[in-house]
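Trainee: Residues per chain are reported as follows:
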Amino acid sequence: MIAPPKPDLVTVNIDGREIAVPKGTNVIEAARLVNVDVPHYCYHPKLTIVGNCRMCLIEMGMPAVDPATKAPIMDPATGKQKINWIPRPQIGCGTNVSPGLHVKTTSPMVKDAREGVMEFLLINHPLDCPICDQAGECKLQEQSTGYGRGYSRFVEQKNVKPKRTQLGPRVTLDDERCILCSRCIRFSKEIAKDDVLGFIDRGSYSTLTCFPGKQLTNNYSLNTVDICPVGALTSTDFRFKMRVWFLKQTNSLDTESSVGANTVVWSREGQIYRITPRRNDEVNDTWMADSGRELFKTLRAADRLTAVKVNGADSGLDLAANAAADLFKAYAGAIAVVGSARSTVEEQFLTKKLAVALNAPTQLVSRVGPGDTLLISADRNPNVRGALVTGLIAALPAQTLPALAASVDAGKTRVIVSVGEDLAAAGLTAAQLAKVAVVYLGTHANATSAVAKVVLPTLAVFEKNGTLVNQQFRLQKFAKAVPAPAGATDDLIVLAKLAAAAGASVPSDLGSLWKLLAAEVPGLGPITYANLPETGLLLDATPFAALPFVEGETLHYKPVAPAVAVATA
Amino acid sequence: MNLKPTTLTQIDEVITHYPTKRSATLPLLHLIQEDVGYIPEGAIEWIATKLELEPINVYEVVTFYPMFRQKPIGRRHIKVCRTLSCALLGGYKTCEQFEKEFNTHRGEVSPDGEVTVDFVECLASCGTAPVVLIDDDLHEKVDCAKAKQLSAQIKAEAKKR
Amino acid sequence: MAAPTQRRIIFQHIDEPGYSNDLACYVRHGGYDVLKKAVTRPPAELIDEVKKSGLRGRGGAGFPCGVKWGLVDRKSGKPIYLIVNADESEPGTFKDRYIMHQDPHQLIEGTMISCFANNVKQAYIYIRGEMPHGARILEKAIAEARAAGFVGKNILGTTYSCDIFVHRGAGAYICGEETGLIESLEGKRANPRIKPPYFPAVLGLYQCPTIVNNVETLCHVKHIVEFGGDAFTKIGTPNNTGTRIFCVSGHVQRPGYYEFEAGKITMGQLLHEVCGGPLPGRTFKAVIPGGSSAKILRFGERFKGKRKVGAEMVDYDWGVEDVPMDFDSLGMIGTMGGSGGVIVMDDTVNMVEALANINAFYSHESCGQCTPCREGSLWMKKITTRMVHGQARSEDAALLKSVADQIPGRTICAFGEACSWPTQSFIAKFGDEFKHYPETKKTAKPAGAPELV
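Chains as they are written, first to last, in the numbering used here: chain D, 1 to 569; chain C, 1 to 161; chain G, 1 to 453.
Honestly, I wouldn't trust all of these hints.
[What the hints assert, rightly or not] Taking beta-carbon pairs under 8 Å as the criterion, some of the chain D residues facing chain G (in silico): (1) G94; (2) S98; (3) V117; (4) I123; (5) C138; (6) G203; (7) S204.
The set of hints was computed from the structure by calculation and includes no laboratory data.
Just so we're clear, the structure is a prediction, and the values are computed from it rather than from any experiment.
Yeah, the Cβ is synthetic: ideal placement off N, Cα and C, and Gly gets one too.
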């Protein structure tokens, strides 16, 4: 990985502490670097600055210089250069650092300003925290506790505004809770490029709305819920389901495309309630697609595979492995492996071990769709690059498997091990499937599992640990959020058992696997699952530079070579 | 929305006054309101298309500026100034007088459809308070007697029609 | 001391019998002669004249016009815009109305001189929506001037071209704030912009350098270029050069507009002699000297301190009547000259009710961006309206002051000050009236007391 150029540093003084920060940093971010909280609502690091909430007011000063000679003016009391403090507070979000800038965030002026803004924000706010979904992660609550006065002087009638507007299929709006920070409007316009939200009317009666007849339908609408600092925008799906403080947070990844947006999975007692984006400035900033938040909903679906089957009858893992071993022996030399670009790096590595042990040709199935230029790429497999890095494949996969079909027709392939791929969807006919014995590993039933000789239920991404390599060749990890349903087994264990059935001995735990990966796979060097940073690591992509990857431009990705035409079946 | 040909010509002309089409939002709203009497349904989308904007961009503007109305008003629009200088010299009485004359309430169309009486903020003619803007014409020193007289005029004109 | 006589420069022809607002009449009176001479001079020289003149903006803030022009980014390579701020909307102010209605060519001439001086590519006159006739008069006048070669392509045969278009507002006070005006002219809600970075002189209209000047200010430019900057400083008083137009409204015998040399007339002379004093049987109680956002003065209070006269510091001890009507003197006594709108209240006025009227205005006009102004202005309105129409509490005075104190200096634009200064000053000057209002309410109102809210 090439180190980014060192930014120009500027030394500033925040609450008496000197710190060097990159030029162009604003006071909120500079203060963050010295662990000083500058409370704010409208400011968002990934959106334009409007400076309207006035919560981030700070006291600011510059070193005094003689206007004529530009010589520093010293303060005889301290022996240091005098600071000219500006008599009125300034917004931290709109103030960029400059050399010698002095900032006070705890002075009486700042305290008074914050108390004033907090009071103003609450006078027309319904204070319905007991029934508000935002409770527990509400900036209004937090900053009221931290910076408010703690009592109310407001005896007038509060403004009345619409309470339950369906802004779109996934977002519900309570206008009375809205503090008019305009984050959602800016997000829609600047990031989602879907300018549908706006304020109507004026002053304190300003009201957030969509144009009548229009809706907030874009696939990024739920980001407005994430960035709403109060309970005005709520997820219609998550609304009233669970208090956030009961939920466990697990770092995960959005597996719907090769972008690999970083996410957090929120669960309680084995049940997932929601998925939200996790900030990664190199991948997804603070955003994710709505569609990626739905992925957990298939975990408990009726078609989930939960029973090991051999010849259609319930069986056990070891019995099934034995049955596979029998097949491997009986048809040695006539076995093919269909691996998966949805498998983790570790699973792909074991898939390769299995294929090598079986001396089986290996193919993957490609999935493509239109990229949205933001956080869903044309490659709908999350880990094609993992398969390249581990050497499972050397060329990019196709959407169908004609060579395998021909081989089946010719009777040269008699057994297919499929890692989660529906061979029917990949172009094999029912007649072709009838001619082979399939060993199927997967999470959900499909045409292939229905005819497979051996069915081995495995885990969904939320139920296991692993790593994926995204379109940037960034190795990223995710962690197990919830336990798997009874009857399903970790893919690594299943693959290790199959490898054993093929005569190879491989580990199935991440610790041992990563030692092996580091030793055998070029470029993975000192990486382990445990020490991989939460925001991932860029791998060397140069060995694969010539491959015609399908992705077009997305948020933090520019294709190296012009992307080939994307088939949109 | 059916605009007069002259309005359409004016609309096309006024857009050329600005380097960006969006700037013509207020002029277009004025022209449409002058033609139709208010900003009718469909006008916002029409303007948005014309100026290559999203409808919400225009809707935000329509609701920000009090002069634009999205509902029809009476045949004549009586705007009485409410602000301090006029109030000091009886602006509230003047407004009440108009309301009484036309048996209506501020912000509403009178039962006969003749007028809408609005109580508006400063009309920038404080030296001749209280002032009243009837359609485009400013009337100065409108005390109750003059309000009665202006009302009578409006009623007489209505009868003639 | 007798009041000085009016010195009508800007209002020279206002209300003059036989003077019409067409080009022919203007030209007959020497119109556009100054522009004709100006276009033969180097533009920088014209800017210098304005700098030398010491002209301070007449829109309200009194910012030196020459300094404003000096801030314009002339190196960006982007076109420079000039906007005439004709959104006259500060309550109590009604001077620009008469210039535009009766003498529009004076404004056009001043505008074109300013455009030429600043190499402006395009000018807009942003006129408030409530002046439909004014807009039409200006459009007609511009068309006449364009046909005569004073506006448009190759002005007066030179290589310089610049057009003027009229742009109508639609009832938003905040469009008087220059960055709110710019947003409005760009077709948006008139939310003022944060400064930095959006200083109009650098990133104004269409993110280009932009000059925003008040109508009266631009008219002054014409006369400055005519007289010369140095000669202009002889009018008025040092640092308060030129004339000021006072718009007097409220409880005086002769309300109206009066043009005097700045600083040469006192409040007392203006109200008693020029405007004829209070209405029969009444006495002056309070006056707001510079538009309704300016801090109120109470008749009977005294202002003491030291001030600069020439090179010397001299003591002053003024009653309201003694205060010279200029930016600096009014600033010294804690209020401002602002836009020149003088609103007079006599002893029939209850100050709680007057403040309720003002608060209703400002809460209606807050754009709603900044929390303190948006919420504070409406809260103050709700308190004062409740005091008048509902239950008044003696503690409301302290509450009002505390709410008002939480607004100024904490907002994007000066509306924060505009909406809070009335409350702050009313409570400071008439605190007792607010404290006693619960009892006052129960007693009969003085005869002739106006209904204010």
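Trainee: Would you pick out the hints that fail for this structure and give their numbers low to high?
Mentor: The structure conflicts with hints 2 and 5, although it agrees with all the remaining ones.
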